[in-house]
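Trainee: Full structure from sequences and hints, please.
There are 4 protein chains.
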Amino acid sequence: MVPRYARPEMTAIWSPESRYRIWFEIEALAAEAMGQLGTIPAEDARIIREKGQPRADAISAADIARIDEIERETRHDVIAFLTWMAEGIGDSARFMHQGMTSSDVLDTCLSVQLVRAADLLLADLDLLLAALRRRAEEHKFTPTVGRSHGIHAEPTTFGLKLAGHYAEFARCRARIVAARAEVATCAISGPVGTFASVDPKVEEFVAARLGLQVEPVSTQVIPRDRHAAFFCALAVTASAIERLATEVRHLQRSEVREAEEFFHPGQKGSSAMPHKRNPVLSENLTGLARVVRGYATPALENVALWHERDISHSSVERFVGPDATITLDFALARLTGMMDKLTVYPDRMVANLESLGGVVHSQKVLLALTQAGLSREGAYKAVQRAAMATWTKLAEPGGQSFRDNLLADEEVAGKLDAAALNAAIDPRRDFRHVDTIFARVFGG
Amino acid sequence: MVPRYARPEMTAIWSPESRYRIWFEIEALAAEAMGQLGTIPAEDARIIREKGQPRADAISAADIARIDEIERETRHDVIAFLTWMAEGIGDSARFMHQGMTSSDVLDTCLSVQLVRAADLLLADLDLLLAALRRRAEEHKFTPTVGRSHGIHAEPTTFGLKLAGHYAEFARCRARIVAARAEVATCAISGPVGTFASVDPKVEEFVAARLGLQVEPVSTQVIPRDRHAAFFCALAVTASAIERLATEVRHLQRSEVREAEEFFHPGQKGSSAMPHKRNPVLSENLTGLARVVRGYATPALENVALWHERDISHSSVERFVGPDATITLDFALARLTGMMDKLTVYPDRMVANLESLGGVVHSQKVLLALTQAGLSREGAYKAVQRAAMATWTKLAEPGGQSFRDNLLADEEVAGKLDAAALNAAIDPRRDFRHVDTIFARVFGG
Amino acid sequence: MVPRYARPEMTAIWSPESRYRIWFEIEALAAEAMGQLGTIPAEDARIIREKGQPRADAISAADIARIDEIERETRHDVIAFLTWMAEGIGDSARFMHQGMTSSDVLDTCLSVQLVRAADLLLADLDLLLAALRRRAEEHKFTPTVGRSHGIHAEPTTFGLKLAGHYAEFARCRARIVAARAEVATCAISGPVGTFASVDPKVEEFVAARLGLQVEPVSTQVIPRDRHAAFFCALAVTASAIERLATEVRHLQRSEVREAEEFFHPGQKGSSAMPHKRNPVLSENLTGLARVVRGYATPALENVALWHERDISHSSVERFVGPDATITLDFALARLTGMMDKLTVYPDRMVANLESLGGVVHSQKVLLALTQAGLSREGAYKAVQRAAMATWTKLAEPGGQSFRDNLLADEEVAGKLDAAALNAAIDPRRDFRHVDTIFARVFGG
Amino acid sequence: MVPRYARPEMTAIWSPESRYRIWFEIEALAAEAMGQLGTIPAEDARIIREKGQPRADAISAADIARIDEIERETRHDVIAFLTWMAEGIGDSARFMHQGMTSSDVLDTCLSVQLVRAADLLLADLDLLLAALRRRAEEHKFTPTVGRSHGIHAEPTTFGLKLAGHYAEFARCRARIVAARAEVATCAISGPVGTFASVDPKVEEFVAARLGLQVEPVSTQVIPRDRHAAFFCALAVTASAIERLATEVRHLQRSEVREAEEFFHPGQKGSSAMPHKRNPVLSENLTGLARVVRGYATPALENVALWHERDISHSSVERFVGPDATITLDFALARLTGMMDKLTVYPDRMVANLESLGGVVHSQKVLLALTQAGLSREGAYKAVQRAAMATWTKLAEPGGQSFRDNLLADEEVAGKLDAAALNAAIDPRRDFRHVDTIFARVFGG
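Protein chains in written order, with this note's numbering: chain X, 1 to 444; chain G, 1 to 444; chain A, 1 to 444; chain S, 1 to 444.
By construction, these hints were calculated from the structure, which means they are not laboratory data. Don't take every hint at face value.
Treat identical chains as interchangeable: a pair holds within one or across any two.
Under the rule of at most 27 Å between Cα atoms (straight-line distance), these lysine-lysine pairs were calculated in the DSSO-like manner [as the list claims (entries may be wrong)]:
{"#": "1", "residue 1": "393", "residue 2": "341"}
{"#": "2", "residue 1": "381", "residue 2": "341"}
{"#": "3", "residue 1": "51", "residue 2": "381"}
{"#": "4", "residue 1": "381", "residue 2": "393"}
{"#": "5", "residue 1": "140", "residue 2": "381"}
{"#": "6", "residue 1": "415", "residue 2": "381"}
{"#": "7", "residue 1": "140", "residue 2": "341"}
{"#": "8", "residue 1": "201", "residue 2": "341"}
{"#": "9", "residue 1": "393", "residue 2": "415"}
Keep in mind it's a predicted model, so treat the numbers as computed, not measured.
Mentor: See below:
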């Protein structure tokens, strides 16, 4: 976790305090279930909650240091925690963790943390979607050039660009919802998952209270294909961030200048060059996307644990769990702010759209010519001829627009007069289905 | 694609013949839609289908060579195909591809291929699930030792092991179903996705006929977050394969020998050592899992295309599309056969289970002692003491079982007599919830 | 391997014919060494070579089918090959492979193949370096704008850009040389690498004849850290390709047009838009780079084989070995051709360089002002003020150049008069050290 | 960075204090060089050093908070640092950073940090190599079974196993040395690397003082292929760690028990099962290896920066730089301690070696039979027959050893009598070349 790329709410999920509180909640709920079942005395379950809850609520840095100290001796984190808890709860503490194994606590805790993290990410995505929708509607009919291969292709609108990103993030949201369900399970099933010493009803009780499902088969651990799928969903979302960030980086480059990240008063673009206004947010997001994406691979490697479990996944998750969720949360929020405040230059968009003399209308002329009876092959050659003449000579003396080059071409002129050509390249044709697309994306 | 790891049905999906047939189907359907809408003459649409269909159906290696030849001149694959089609269809061919762009054909074709591939993978998974269920039920109560960290933990059953893998592959199946839906979209929206020269109704018509959804916003291409999610789902499935393969590799190792891959008559395990019977299938599956998993990263890197599209994803998909699906199909089939014929040695399972003198019952003794009034800490120390004595001295003269060591321990004996100890470690306790777990996995 | 991205010489290294010839060479050399040592009769070693060599030289598709047939029975590739060889060699064949294990043949063969592949890659790099050097010298003083963050920064030369890429590929060449040495080892050490049944002198003999080093400790297999390092070197090279490809893609984009991939007569940029000339080669290279890079991860996962070896690496290498080398070979050759024929537009470079009214000289003015006594902070603000005024208003009525804005600024004008300002932004300053850099890269 | 997996010395390299001290050193050296060259007044350079050095030496948390505060306004880290420095240095500070760009400081600082990190890793590797050598020599002739595919193959020694790992880590050491050289460069070349406003002699001066090479062509940044190669070298080393960790995990598993991680007094293996002694260190190392390996991919993706640079690499490096080096440092130290204290059980090794009735000698019998005149094919079948009989029936009544089964086989007995068989399987044959291998690895 890099503090610079971390926000407090997500970070708090992964703090020791938070973890120990969840551990206590799991242990206390399990004790309550066992108390109801008569596995342990109900009175002791009550005392565990009563004395343990304030201890968990008020856990301090000193307490954590004490737990760490016990862990240094026992070399076992859950035992260290239970020992510390027992120091406050007293004799009833011996009924905590009855028939359970550490992973019952650790894995269920991880589920709770990942579910909370997913909820924050979903909230982040809602804000991002709202910002994208607002900007998309604002620029629904702002003309701009669509580019394939970085080359001007045909007109589109800036709103359509944003609608596409909106749709992509809406899919990411659905993936995070699915990923949340993947990891929202609880296991309280004992050392190899057989419930040999703990009743399955305990698991059901704890799961229900924590808003989780029971894990159908746990084997000391919750199976790691769930977590791998979770981190893959984050990786796809990170890649979607990179796509939008890359778009903004392109739009801001000096030769394009169709949009620009907000430049704060007092901000300095470069220590050397006072003239610089750089798309640093979107570049930063590009890097953060690499980071989050990179965590999918170790998460996938975590799946093939040995037999009922080995603990190799644990160290991986101490990195990947916090780092992937904290970084993605930060990135989504940064992207939202960036898109919210993005300065858009519609005039530059029009200027760029027109800068190649109208060749962006080549397909429409091609179609008009084939409709007028030219073979596809012949029409293609005629239009390519006029387009290349436009492109390569536009800035030179005698250079003329695509339209003029077409009208000067005998083969074209034999099929289309000026009026027919004008009709073919009428810009209103380009945007007549924008409403349809918006309706598909945003509804009705 | 490595022929050794490829099966014909999945391979066929990716053949040039198959691709060109899908291309024709898309073009012919689009022409039919345009014919209905009056964009092109209905008669020409009819001729395109009538003359083109037999050409597509009978496409030969010579035809493919001819298309390749045209591509070498035009350096454009779809134009090469259309030119070749036009050679057979004649004049009506100029109404093919009207207002469309190559990616309309290419991307919708890829959708069709990935959907077909997903269907094969789902069929593979169904066979695997059936095999796993059969073996799980066969060994529902076959006792074996559960191992955490590779160390004997507590008794479980071989059926429970398999039920866990069944549940994991059932989740993988659900993920492939979701992944199939991710990529099951159709785009016929023109050069930058604005439908400037093609009616959205054409897309709706083609999508419906191909069993696809329309892509809400395409930008010449179908957005690649869909494909990234698809290949991630494959990567998770590959990792699940690796987990089961790893289990079999462990079970077959010389010191364990609890299960063994079927050894064919005539098979040779080693060119040097005639005694060898190696788990080569499961090792092979481990490697194939690495391969399939490795394709997730380039697929994720494919998402951030420039502006409305660049073509960098295309070369990646020429590898990843066939290789990931063909390899996973092969791996699933190999795994199914392997599990179907796996030789299981219940006697060895029992022998291993008992080989540590009964220390696998340590938790149950721990619980009995705490129930009998010892502190958790005190009980832990007593049981650890007896277990370590058992473990380290079992094979030595005077070494004795865990049970005997416990009874010889004063602190333990003060709390539990032989009858109480026997009750605590009664093996029937271990499997009393197997039915519950099976019901969770396979239904009541 | 995707045929479209494969060249014959590299592909041939990985053909079955090639592999079986190398296997024979290893077996024949080992027999000759054993013949000299007296482990086997020298006469039989002679016969193995005499009868086996023509069989290996003339190996046909039918032979390969026969070997495959034997493998289907034995399920062991090396035994199948030896059996087929024995059919031609006769009785002496029983002295082949004496005391050896399959991996002695397989791993040493892989070493030979990877060394040959590395040699081709080095030759590819030499051609690329030559092309880059030629173009770098051609454009040593072609002015162009240097861009950080996609934003105009300061003037540089197109030759300097290329010199940087040259230096990067020179480093890649050194890495491939090192990677070649990593994998250039021979193991003939028997089932677990102890030389229990084969004399280490055999390994020394074979290694020397094949131009390899002996592997200090093999354990049936040559350790896979070597191969991982090899594929990592390829991955870095692929990333260097991506960097140059990305540069060309940027230079060709419509708003920049400073360079362009050669456009072949007859080439069609788009099926829909006849005006298109797309940077398809560099985009393709970007994708191929992702593919080659992706193979590093499974190669790294191959390192941790179990005990003296497991065979999980083998299936991975059947993909990664050919695919990574063939694809990288193709990509390097494509890049070389692309750079060789790249169309460069110096006029556009100058036009772009000047398009922002001279703000690219901001640092030099900043320095002149601090030298003239302004505080760094004060100078920065003054220059930023003039630059922003230039940038945002250049195209508007009354917009003026950076130089004019500076002279109109009281604080600046109080420190620098027109002559001093002209001296500060004299473009000759920018390129005075180009010779130094070229000497560093290409030598004095 | 996860504190649990971090050691102080490596962590300190990446602290803000450390970074700012290196920044100051670079700025002060550059100023001194400029003072010598007369670019700035020598007196000011002297003052920069004199007043700045104590400020850098004594940098406190409060100072860092002050720098952060300035950065929040300027949104530029280097400018914030320079502003803070200027607060202490006074007027001469305006001569700091003359003609330089932020990356001159940032990238050269990163080089210094990575070089220091590499030095610590090399020291770690030296300790690991020493431990491995000591244990290898201790167990040079400790017999143990070599296993391929997890199946008993032939005898080897535990010392040979360790010698192989020693050789692998010696290669890793060489790779880290090469990786250190990759990143040991200095760039002080200005905004686009042209030295337009800073003399190349400044770079030479600073590089020499810092023990770095000059970067032949920098383009504002030091090219990232260097860093990618660096992190790949770390990834290979991590994979080597995983291989040794996996070996130990296997050796400790309950059925093998040939070696065991040191179990501390007071250590608890499991919260549930007091009998557990788990190989938690080696499992942990397996996970840490995944983490370090995972950082290679984003480092490779960092190479293709746009034009002269974009800043997307920066956020990646804030994770990867500290996390990969700190985690690898921790892992190497943990591995060293683990190997140093590894409990080895030679008796169990012998017991396992003999547990399959001697079939591990099958190749030697195969060779003896072929030497005695049987065809390879015939000998293979005879030996396989006896081996399978041994293996499958050893534990049953009437089961007998491989030797006895061979002698009872008519075909074998016709070729080899008891004495000849004994000679063939004489265990002294197995280890006669151990000295040779040790000499190859450890020298003479």
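Trainee: Which earlier hints can't be squared with this structure?
Mentor: Hints 5, 8 are the ones this structure does not satisfy, whereas the remaining hints hold.
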